[in-house]
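Undergrad: One-letter residues, chain by chain:
There are 2 protein chains.
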Amino acid sequence: MRYFDDLQVGDRIELGTHLFTAEDIKTFASQYDPQPFHMDEAAAARSHFGALCASGWHTIAAWMRLRVLYAQREDAERLARGEVLAKLGPSPGFRELKWLRPVYAGDTITYASEVAEKRVTRSRPGWGIIFARNTGTNQRGELVMSFIGSGFVERRPGAT
Amino acid sequence: MRYFDDLQVGDRIELGTHLFTAEDIKTFASQYDPQPFHMDEAAAARSHFGALCASGWHTIAAWMRLRVLYAQREDAERLARGEVLAKLGPSPGFRELKWLRPVYAGDTITYASEVAEKRVTRSRPGWGIIFARNTGTNQRGELVMSFIGSGFVERRPGAT
Numbered sequence: 000m001r002y003f004d005d006l007q008v009g010d011r012i013e014l015g016t017h018l019f020t021a022e023d024i025k026t027f028a029s030q031y032d033p034q035p036f037h038m039d040e041a042a043a044a045r046s047h048f049g050a051l052c053a054s055g056w057h058t059i060a061a062w063m064r065l066r067v068l069y070a071q072r073e074d075a076e077r078l079a080r081g082e083v084l085a086k087l088g089p090s091p092g093f094r095e096l097k098w099l100r101p102v103y104a105g106d107t108i109t110y111a112s113e114v115a116e117k118r119v120t121r122s123r124p125g126w127g128i129i130f131a132r133n134t135g136t137n138q139r140g141e142l143v144m145s146f147i148g149s150g151f152v153e154r155r156p157g158a159t
Numbered sequence: 000m001r002y003f004d005d006l007q008v009g010d011r012i013e014l015g016t017h018l019f020t021a022e023d024i025k026t027f028a029s030q031y032d033p034q035p036f037h038m039d040e041a042a043a044a045r046s047h048f049g050a051l052c053a054s055g056w057h058t059i060a061a062w063m064r065l066r067v068l069y070a071q072r073e074d075a076e077r078l079a080r081g082e083v084l085a086k087l088g089p090s091p092g093f094r095e096l097k098w099l100r101p102v103y104a105g106d107t108i109t110y111a112s113e114v115a116e117k118r119v120t121r122s123r124p125g126w127g128i129i130f131a132r133n134t135g136t137n138q139r140g141e142l143v144m145s146f147i148g149s150g151f152v153e154r155r156p157g158a159t
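Chains as they are written, first to last, in numbering that gives the first Met the number 0: chain V, 0 to 159; chain U, 0 to 159.
No lab work stands behind these hints: they were computed from the structure.
Hints are supplied without guarantee of correctness; some may be wrong.
Which copy is meant is left open, because identical chains are indistinguishable; a pair holds if it fits in one copy or across any two.
Stated by the list, open to error - Straight line, CA to CA, 27 Å or less: simulated DSS-like cross-link-like pairs of lysine-lysine:
hint: 1; residue 1: 117; residue 2: 25
hint: 2; residue 1: 86; residue 2: 117
hint: 3; residue 1: 25; residue 2: 86
hint: 4; residue 1: 97; residue 2: 117
With the sequences and hints as input, model every part of the structure.
TA: This is how it looks when you write it as structure tokens:
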């Protein structure tokens with residue numbers, strides 16, 4: 000992780016892609032969102048979605064996984080260059096989550112994250128809070144989900 | 000599902016409980032949120048959380064599962080009484096998600112959902128949108144997560 004003070008509004012990172020296979024969609028749904036249109040092709044065809052599609056929570060879980068893997072790769076590269084890593088604190092939560100289009104079986108979603116706002120908090124000296132707009136876009140270039148996440152990030156030692 | 004017109008602000012349902020075992024926490028995290036404090040007791044002990052705790056997305060996924068199962072039980076009961084079921088449409092998203100306290104291995108979370116707001120939309124005749132405040136509370140009575148979810152619900156035929 001980069002220090003809070005080194006992150007700028009507008010900084011954008013590409014997190015990678017996730018292919019939502021029918022099997023993947025059904026596995027997630029059977030555990031966490033067992034609705035027929037996420038579990039069964041025939042039931043999905045009769046639903047308002049028209050075809051098997053992923054749980055909205057699955058669309059976000061795939062984002063989370065890629066976000067964590069990105070941070071781990073970035074940290075490994077910084078360590079390899081002998082840099083000090085900033086600590087990442089807990090996330091207080093998220094806002095404005097929008098599921099804009101269904102994610103159907105066979106769709107590949109590309110995820111990105113862009114710093115939307117940064118704020119120093121008096122309640123946690125030595126830390127700042129970063130708000131990032133996170134997005135998923137399908138292979139047709141259509142936005143499928145968007146939300147603003149937040150997380151505490153350590154400040155550069157001595158920064159005020 | 001009850002019709003939009005039969006749901007009232009303040010209506011509250013208890014969805015049930017989920018016990019977050021260490022194994023359950025690690026399984027979710029290994030698939031969707033592979034951070035050390037969700038995967039390994041020793042790493043978690045060294046982190047800001049102090050002990051193994053669930054991914055925030057896991058806390059919500061467990062809510063989603065109980066919400067779906069509740070709706071399926073309710074629908075089965077209505078069908079058994081010969082009632083007509085209202086259709087539940089897609090969810091446009093959620094807002095104000097807050098992770099207020101960590102959910103540690105061994106915690107049992109009780110979930111509830113309360114109608115916070117209802118709104119008729121001109122864009123979808125025959126449907127209304129319900130906003131519900133969803134909460135998770137641990138065995139010590141502490142709120143661990145809260146968010147406002149939304150979903151389209153069919154209107155009673157002829158309702159205006």
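Undergrad: For each hint, tell me whether it holds in the structure or not.
TA: For each hint, the structure was consulted:
no., hint, verdict
1, 117 / 25, "neither (38 Å within a copy, 31 Å between copies)"
2, 86 / 117, "within (16 Å within a copy, 41 Å between copies)"
3, 25 / 86, "between (36 Å within a copy, 22 Å between copies)"
4, 97 / 117, "both (21 Å within a copy, 18 Å between copies)"
The structure is inconsistent with hint 1 alone, although it conforms to all the rest.
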